[in-house]
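Protein chains in written order, with this note's numbering: chain U, 1 to 506; chain X, 507 to 798; chain Z, 799 to 1154; chain V, 1155 to 1510.
Please keep in mind that the hints were generated in silico from the structure rather than gathered at the bench. Among the clues, some could well be false.
Quick partial rundown of chain U residues pointing at chain Z, CB under 10 Å, derived from the structure [what the hints assert, rightly or not]: (1) 60; (2) 63; (3) 66; (4) 311; (5) 326; (6) 327; (7) 336; (8) 349; (9) 353; (10) 359; (11) 417.
From the three backbone atoms N, C-alpha and C, an ideal C-beta is built for every residue, glycine too.
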Amino acid sequence: MSDVILQANGILKRYPGNIALDHVDFKLHRNAVNVLIGENGAGKSTLMRILSGVESCDEGAILLDGKPITLRSPRDAAAHGISIVHQELSVMPNLDISENIFAGRELTRAAMVDRKTEDTQSADALHRLHKPMPVNAQTAHLSLGCRQIVELARTIAHGSKILILDEPTSALSMAEAESLFEVIGDLKRSGVTIVYISHRLHELLHLGDYFTVLRSGRVVGEAARSEVTRQWIVERMSGRADTTDLQVRPAASTQAVLSVHHLELGSSAAGEESQAALHEISLTLHKGEVLGIYGLLGAGRTELLETLAGNRTPLDGSVQIEGRTLELNSVGSAVKAGIILVPEDRQRDGLIPELSIRENVALAASHGPLLSRAHETELVRKLAKDLNIAANDLELPVTSLSGGNQQKVLIARCLMRNPRVLLLDEPTRGVDAGAKAEIYRILRKLAADGLSILFTSSEIEETRTLADRALVLCQGRIAAQFQHHQLTDEALFAAASPNVTTGSLA
Amino acid sequence: HREELSKPLIAIIVPSQDNPYFKAEGDAAAARAQQLGYRTRIDAHNDDAYRQDNLIDAAIASGAEAIVLDNAGSESSISAVRRAKAEGIAVFLIDREIQVTGVANAQIIADNHQGARIVAEEFARATKEGEYAELLGRESDTNAQIRTKGFHEILDTAPQLKLVAAQSANWSQAEAFQKTETILQGHAKLAGIIAGNDTMALGAAAAIKSSGRKGIVVTGFDGSPDAATAIRSGELRATSLQPAVVISRLAVDEADHFLKTGSTGKPEKQIIPCDLVTRANVDNYRDFEKIR
Amino acid sequence: MTSISATLSSSDRLASSGARIALILLRARAVLVLVLLLILFSALAPSFLTAANLSILTKHVAISAILAIGMTFVILSGGIDLSVGSVAGLGGMVAGYILTQGLTLGGTTYHPGVFVAIFATIALCLVVGALNGWLVSRAGVAPFIATLGTLYIARGAALLMSNGKTFPNLAAHAPSFAFIGQSFLLRVPIPVWLMFALFAVAAFIAAKTPFGRHVYAIGGNERAARLAGIVVPRVKMYTFLFSAFCAGLVGLIIASQLEAAHPATGESFELNAIAAVVLGGTSLMGGRGSVTGSLIGAFVIGVLADGLVMLGVSEFWQIVIKGVVIVLAVAIDQLQSRLQAKFLPLLLRSTPGAGA
Amino acid sequence: MTSISATLSSSDRLASSGARIALILLRARAVLVLVLLLILFSALAPSFLTAANLSILTKHVAISAILAIGMTFVILSGGIDLSVGSVAGLGGMVAGYILTQGLTLGGTTYHPGVFVAIFATIALCLVVGALNGWLVSRAGVAPFIATLGTLYIARGAALLMSNGKTFPNLAAHAPSFAFIGQSFLLRVPIPVWLMFALFAVAAFIAAKTPFGRHVYAIGGNERAARLAGIVVPRVKMYTFLFSAFCAGLVGLIIASQLEAAHPATGESFELNAIAAVVLGGTSLMGGRGSVTGSLIGAFVIGVLADGLVMLGVSEFWQIVIKGVVIVLAVAIDQLQSRLQAKFLPLLLRSTPGAGA
Ligand SMILES: Nc1ncnc2c1ncn2[C@@H]1O[C@H](COP(=O)(O)OP(=O)(O)OP(=O)(O)O)[C@@H](O)[C@H]1O
Ligand SMILES: Nc1ncnc2c1ncn2[C@@H]1O[C@H](COP(=O)(O)OP(=O)(O)OP(=O)(O)O)[C@@H](O)[C@H]1O
Ligand SMILES: [Mg+2]
Ligand SMILES: [Mg+2]
């Protein structure tokens, strides 16, 4: 039988506003790790959603072992032995781990769910992932990382021919990722074909057998591992933001704008999201400084920023802005003090999809009792120009914008309230290369104009490019602090990972 | 409280507590029963036969000696009454009958049919000729059905009267008001409105008043004090007074007699005629009662 | 970069026009149904399309319209208010009580004027509204349950006030009370004026004030709204207060029209109001909709009710038809927005951005 | 690694035990209220705690319990069904019609037996349920509106079947029909048997079958459920079918108890059913709750209703008290889960992982 197990020909996928996939041809090589690379928004997840029956393509054909198949639903895909771990978490928080693993494909005996078998199988799926967890624990109480593991376990438990992993490690600690790589090795040996998507080059080079590069919905390169180098990938992706013109310099002034002392945040297991705890967080942010916070997901960066933004109540510690201690009990109070957050998850915590661009920008900035549309439009237009928001009509629904421009809209929203301190959580998550570079430029300019900026990132690249100074957060504690010239991959990784196994960082 | 609890209980169940007629009915029964040394309880079934069923169960369970009931439907009440009888509880029906005999100890019925006929006759006399509209009660209620039947026995034989609109206002004043306003728009020459009860009649009268139309005859049914006031002021032409108070007292007296002697000493069905109340005799009545 | 902005500009043009079309269609849907009904009834009932009847009709619409306008903000912010019917009933009773019984304070009984009565009525209704707001925004009770509870409480209170009796001929006690429900201004009934006044105010608030925008924002994405510094609980509180205010007003109007206050008044009004809001294109999920839509929706319901009465359609058929209209109108709405989702991309097929 | 898994396992241990505590408390809440009521009424009304009365009480509870059990799945999956009351009314009327009028097919009239009548009733109710399901899962109409529409449609249909009249003494037409509502088995009323049977089945489905899990999954995160390959529309369809089935059963029971079918039967039953479900600790957002809870909730409502009647509490106070109980019970629930959220972190604070 041929080396190609699954083949997608001329896949075309349109979304209102843009074309996600433009006649993509994609080959899956039998029991190998097929790596798919591309900048944010390149179309990787869309392609995978189509191959896993979640979405249907507007044009194109899918061949399994040379025979055309139609995938109308995840069930169809499963029937053909295709399973996927989606990029965005899709666990059912009200179900426990084992229920989640078998949701939709329950094992039954005499029309009854066979819990015992499910539990044992779940348990050893988790075991194969080197991540034993109590299979009857509610997923609502799990960390993002553990939820990710649960989803992996789901696909493993169903023993499928083709396994698609869309950025599986984005939520994993180094060590957890390590054990995942071992599992992938096992699976490959046991004859499973794997699609692996990630933004972490060292992983890809470590794992991949065949590489495909996507750029804005098109295939721009295919090669086997032997021909692939870091260089090769980077060229194809051409994703490297052109940041030559960004001259980063140590903070001009030493005037502390924001200073945090011994901040403590309790972790809670209630509600839909678990939250990482924060311990002994002390930091100072100077006027016009750009301070980066690097860490792996789950490190607690979001918690830190949300606490500073008044959205979470700390157990202990004090926050001073320009010397004045302030009560962090509500977002309102933080905003009054001039601290505003650009949240991590745009869709979930940022945008109001029903409202127009203008309304989203001017959302909470009220001038007097009435909204003067003219005045507002003027302000928003000016901001849109400064931030170079590519929209020629501010009355459009904000959802019609691309990720990068949506992000700029949120930044503009904060600037509307002329803040002293701007907090950005993952400012370039899901933002494509061009826009990324632009956002860097914008942030630098704002800093140059005297705004103090505190941002988090999971990308070393980004931290290095943007930050004057960087803190590394690890499990809720500040693990290290680097001046700009000290920022190197190894140093950051070392500081960020609970226990490092740098061996794999080829 | 103790010796209050030791008194025998008479459960009084009426259709509703927010309608003056049923209110008076219930209160009169309770008052008499307390005079006679009984403990009483008033509940309302809101013309929901199932709720009535539950209320009777509750009465049984709380060991009532007798039940005075204005029932929720001549057919749908039978089984409940039968159950009470089976439990050895005397049931005295007031105001409305049920379709079987030998189950209730007494059925002291306000003659809705006769009442409907007399008010319809007065309506016909007053309206003389022309178009008229009818406001029916909740069409799923037995009384609404009996009354409209009675109306039509008279009015359909009056060739000079023409029915141009018949709408249900569900016994409600507000609904009668709106529907009348609309009907008036549809029929410029409307000469009269015959309503299935007083609250609807009052709603209609209010609508006519606000429309500024004159000389439209409105009649009601029940004989409520509010209706009496409206009759004095001429907004209502007539109503058919059901002797609620008399009926209730009779029922309680017979219940008392039965509980003491084992018989009511009266035939089961006693049909109490309704009185036509017009401007001429309105002052002879007060609170559903003939006072002179 | 160029390609991006290219995609955007072109897609924007389409998106915007698409959005506008959508908006117009959306409005159009309610309006369409309305127009159809008007034509139908005018054809079948000669006296339907007379000035006099339309004035009466509008007066009837006013009741559910005022409730719907109040309900709109609650629903836009993602809530629901089942208590409006009971609150209206309670309001009428309070006015009736004060006008007939007067207020007894420390032994002596005062007979305050109509304005005091009206003021007190609104005040009490606002108390119920505040209770709703508190339960939802502070105690975290689901709006459906919170307002279901107050539905019962307010109804029971109304019945207790008069021990179930009606407060009769208010006109006799306070002739000027008739004003709210019965008088005319420039040959237009006062309730209609009130309706349009409230509509104007509400539409203005929704479109032109920060509060209005906050309501939409909360309905659209409550988390985002909170993070943007909007004080969510306060906004929700105001929506329930406004809804209760409108309910109180309705209670006064009805009491004034009937010159009597009946404790059962307003039963199931809430369903009409909600139906009106939804027919008007407002989503029960919140964030999407308009006050104008609700007004139109109220007209649809009102016209349907009166028209069917005029045609002499039986009560039973009226009920069925009402149900069918509600379901159909909303189903069509859904269908249409689906079609839109389908057909927009096809328009976008030939955007340069994709090719770039 | 070690430290992380340590954090996890420990936090998990706590989390799960926390969850259990929560669950127990949650159940306990409804049970607590129930026990309190029972004690209260037994103390105040001597005849309350008699076998006879408890049997009657349970019979009354059966009605709202059966509706609540059916409603539970709809609500667990994130929907709501306002039409159950009307469907119950319609069901009774269908049975009544067939038993009294017979079925006329092509001129000749058949007088089918009780079983045919029952079968036909259930069948028609399922049709309404299917309509609900279709509107919600296919036409994409919000459950509230879809079932509000069918509420009117079914009610109107019921009234039209007999033109508003009652179908009288069914017992005479079909003595065996009395069985469903009036007979006893081992001195326990049949409706009570039906209630417990349905409860057993429903509890089993919810806890032990894939379907049950799918319902929870959809309520918890519909998108994730779809991605996991659960056929969401089908599941929703079944929930509405089951709800309609229960409603039909209630219609039959009542018709059999009254030996007559009244078209207005079942008005506002839906509110009792929903209240019962929510009192039972099921969240209107879906995903959280249990059939057992709904049963307990139904008992709370039933005991409250009967108990107050026995105490001779005035109808008006009954209404108020009902409202207060609903709000309080849910508010307490909220409060408690808040406290939990507050107190769990303090426990988790000192987990090794955090210290590592
Ligand atoms: N549901 C959707 N509606 C509209 N546009 C979408 C939708 N999903 C994806 N897109 C767009 O399609 C393009 C490809 O998105 P996709 O998620 O496949 O990118 P990706 O390569 O997975 O990016 P990332 O690396 O951030 O996951 C993007 O421009 C995105 O904005
Ligand atoms: N998008 C999300 N969905 C669900 N849970 C999340 C999400 N983001 C954070 N969490 C929860 O918060 C916990 C702490 O992660 P958090 O996001 O605060 O760390 P972080 O350092 O901010 O990582 P990142 O910013 O990359 O998410 C995670 O373990 C996860 O349980
Ligand atoms: Mg992706
Ligand atoms: Mg984060």
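Return the status of the interface hint for residue 326(U): holds when the least beta-carbon distance to chain Z is below 10 Å, violated otherwise. At 15 Å from the nearest chain Z Cβ, residue 326(U) fails the 10 Å test, so the hint is violated.
When the nearest CB of chain Z is found for residue 63(U), is that gap smaller than 10 Å? For residue 63(U), the interface hint is violated, since the closest Cβ of chain Z sits about 25 Å away, which is over 10 Å.
Per the CB criterion, is residue 66(U) less than 10 Å away from chain Z? Nearest chain Z Cβ about 30 Å off; hint violated.
Please check whether residue 327(U) passes as an interface residue: C-beta within 10 Å of a C-beta belonging to chain Z. violated, 15 Å
Chain Z contact restraint on residue 417(U) - CB to CB distance below 10 Å: Holds - the Cβ of residue 417(U) comes within 10 Å of chain Z, reaching about 8 Å at its closest.
Just to be careful: measuring from the Cβ of residue 359(U) to every Cβ in chain Z, is the smallest value less than 10 Å? holds, 6 Å
Agreement of hint residue 311(U) with chain Z interface, Cβ distance less than 10 Å: holds, 6 Å
Hint validity - residue 353(U) Cβ closer than 10 Å to any chain Z Cβ: Residue 353(U) check passes; min Cβ-Cβ to chain Z is 6 Å, inside 10 Å.
Do the numbers back the hint for residue 349(U), that is, is its least Cβ distance to chain Z under 10 Å? Interface hint status for residue 349(U): holds (5 Å vs cutoff 10 Å).
For the restraint on residue 60(U), tell me whether the closest CB of chain Z is nearer than 10 Å. violated, 15 Å
Measuring from the C-beta of residue 336(U) to each C-beta in chain Z, is the shortest one below 10 Å? holds, 9 Å
Violated hints, in rising order: 1, 2, 3, 5 and 6; the structure is consistent with all others.
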